[in-house]
Each structure stands twice: as C-alpha cells, then as structure tokens.
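Can you build the whole structure from these sequences, using the hints too?
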Amino acid sequence: MGGTMSYAAAPPPAPPTPPPLPLPPSPPPPSPDASTASESEEKVENQPTDWCNLPCPVAYDELQREAYTSLKPELFEGLRFDFTRPLTPKFSLSHSLSMGVLEVPSQTNEIFKVSTSHYEFGANYLDSRCMLIGRLLTDGRMSARMKYDLTENFSVKVNAQLTNEPHFSQGMFNFDYKGRDFRTQLQLGNNAFYGANYIQSVTPKVALGGEFFWLGHQRKSGLGLAARYSSDKSIATCQLASTGMLSMNYVEKVTDKVSLATDFLFNSSTREAVCSVGYDYLFRHCRLRGRLDSNGCAAAYLEERLNLGVNFILSAEIDHWKKDYKFGFGMTVLSAILVVLFSRAALSYAVNFSCQCDGPSAEASSVSACCEVQVKYWSALLNK
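Sequential numbering of the sequence shown, starting at 55, is according to our numbering.
Take the hints with a grain of salt, since some may be wrong.
Said to hold, decoys possible - Here are the simulated lysine-lysine pairs, BS3-like style, with alpha carbons at most 27 angstroms apart:
hint, residue 1, residue 2
1, K376, K167
2, K211, K144
3, K287, K232
4, K274, K311
Unchecked claim - What follows is a set of in silico ranges between Cβ atoms, one per label pair, in the way DEER data are often shown:
hint, residue 1, residue 2, range
5, W105, M196, 43 to 53 angstroms
6, K376, L191, 24 to 34 angstroms
7, Y179, E326, 26 to 36 angstroms
8, K167, F222, 49 to 59 angstroms
Quick caveat, the hints were computed from the structure, so don't treat them as lab data. Each residue gets a CB set at the ideal place from its N, CA and C atoms; glycine is no exception.
The structure is reproduced here in structure tokens:
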C-alpha cells in the first residue's frame, strides 16, 4: 500500500523540450562604395557651417540662367546656317545666313508676317583675360561685346548696339566685382541710365540680393529683390520688382543629362499670369529641349550632332490659340580645330560672359542664349 501511495504522489514527467528556432539569416555586408558614400554624406550633413567661408553666389543677372536654358531656347522660323572658322588659336570668324519671315506688330489679334533674309558677319577674340565679340548685319546694324578682367575679382564689360536709325543706338558699361561670398555690379548706359545690384550668400545654399535702376531720360526708377536656393539636385529662384512683376522658377536635375524646369510669371498691373514647364535632355548625339505654357503654346528645339563640329537644328513652336505656327531648320558648322582649341576653361569663361541681360528687368538676348547653348553642348561632348 505504501508503494502505491508513493507512486500516486510522484509528479508527472516533464514535457520534452522543443528544438530551438533557427536564427534569421544575417543581412549581407554593405558594399564598400555604398558605405563610403553614406559616410561621406553623413559627414557633410553633420559638418558645422563655416559662416566665414560661404561660397560666392552667381551674378545677379544670371540668377535664372538654368531655367532660361531649358524654357527659353533660341526658337526661329525658316532657314538658318552658321559657320565658324578659326584663323589663330585666339581669333576666329563667323558667318551666319538666315531666311524666313518677320512678324509685324498690329493693333488686332491677327498676325502679319513678311519675308526677310539677312547675312551676318562676326569676329571673335578669346584670351585668358579679354574677350571680344563683334557682329555686322547687311541692314547696317552692328553689335559689339567686350569683357576685360583687370584683376582676378574685378572686370569691365561693354555692350554696344549701333543702327543707322537715329535714337536707336544703345551702349552699356558694366563694372563687376566678385568678393569671397558676394558679387556686386554697377551699370552705366545711354539715356542717363544708372543701375546697381548686389547679391550675398547667407547660407551655403541660399543667396539674397537686390537691385536699383534709374532711367533719367524717362524719369523712371525701380527696385528689385531676389532670392536663390541652389543644391546639387535643385535650383529655385524668386525675383520681385517694384514695377509689379513677380518671377519664380524651379529646376530639378534628375540626372547629369536630364533636367526639368518650371516657372511662374505674374504682372500685378495687368493681372496676367503665365506658367510654363520644360525639359532638357542631353543624349549621346543630340540635345532636346521643349516647353509648354498655360496659354497652350508648345515648343521644341532639337540639336543633333552629325559629325564633329556639324550640328543639325530643328525648331518648332505651335500656338493653337493665336493660330500661329513656326517651324525652322538649320545647320551649325564649327571647325574641328576650333573644337580642339576650346578647352573646358575657355568654355566656362564664354558662359560667364554670354549670360547677361541688356537691362535690369530684361531677358537674356538671343545672341547670349545661342552662345550659351553652343558652349554647353560642346562642353558636354568634350567631357565624353
């Protein structure tokens, strides 16, 4: 009996221990390139800002140059042919022939066009400190541009346009000074024009500036304010003038060869606003740019490289609202010797010279836009 009672009081056997769960697979070790890139980005973000060593901003009249490159290509109608031939490593001659139509302004909404053609002769001189550009047309007009670097930080620019019609010739003197983290410019022109602008970097990515101009011939003056944000992938600018104009644009660099842009322009005096979007694609043998605005106007500009120094150009602009359609084609021939002589430093120098405006609120001229397009296009080809 005692044995039976002792057996009943004995505890039940312990359940078997379940086998341990398998450990999850360990993630693969990060590649050395990815770890290095992430570490460098973290170091840059965590690095304190040196307020005494901010970058130098772009010039005040070049705040919107990236947006203008995509949104305002040099559209034309008809036929165009350009040829540039170097005579020495610093001196070259250019010939340009265009045939098309010219729009005549009218008081109605109808568009009147007349046939026109002209030949343009040009001479270019490029040096490490001096740059001279001259153009002469068959109708008697002549334009000249000069830039001379007196020192590393101080330069003088002269722009002149002469015509055979009285009171239509123009001249402008620009004195530019570049500091460590700021830029300033003084402008003197005919018709008692005086202007000045200043832009200052306030952070490594933000710059603020302002401008003032006085036109004594018309007794008019104006003020302007500007802000620019620039990073590795995006650029945003905003400009406000006392004349009632508000301009904003944004550029997103998707890749090294693809960028998207948009801008907004508002005129408070007329209560009119225009918004446009554009793109800029740089392929191996061609470059395509286009835009579409809120007025229903679509435009495209194609540059295709046929050979070293030979470009084929197609231009199209369609405005269904005004029933205005413009199509053009052309060819640009740049001597292969000139392509070799134009190093990347000379190309960058030409861009800084060509991107300028004729007035405090004027857009870049067609000559400057054309020069900038060609310079950036050949720079991309040379980098390959």
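Comparing the hints with the structure gives:
For a cut-off of 27 angstroms, the pair hint linking K376 to K167 stands: about 14 angstroms separates their Cα positions. The hinted pair formed by K211 and K144 meets the criterion: a straight-line CA distance of about 19 angstroms does not exceed 27 angstroms. For a cut-off of 27 angstroms, the pair hint linking K287 to K232 stands: about 25 angstroms separates their Cα positions. Among the hinted pairs, K274 with K311 is inconsistent with the structure: their alpha-carbon atoms are about 43 angstroms apart, more than 27 angstroms.
Between W105 and M196 the beta carbons are some 48 angstroms apart, a value that agrees with the proposed interval 43 to 53 angstroms. A hinted range of 24 to 34 angstroms holds for the C-beta pair K376 and L191, which are about 28 angstroms apart. A hinted range of 26 to 36 angstroms is violated for the C-beta pair Y179 and E326, which are about 43 angstroms apart. The hinted range of 49 to 59 angstroms is not satisfied by K167 and F222, whose Cβ atoms lie roughly 22 angstroms apart.
In summary, the numbered hints that this structure violates are 4, 7 and 8.
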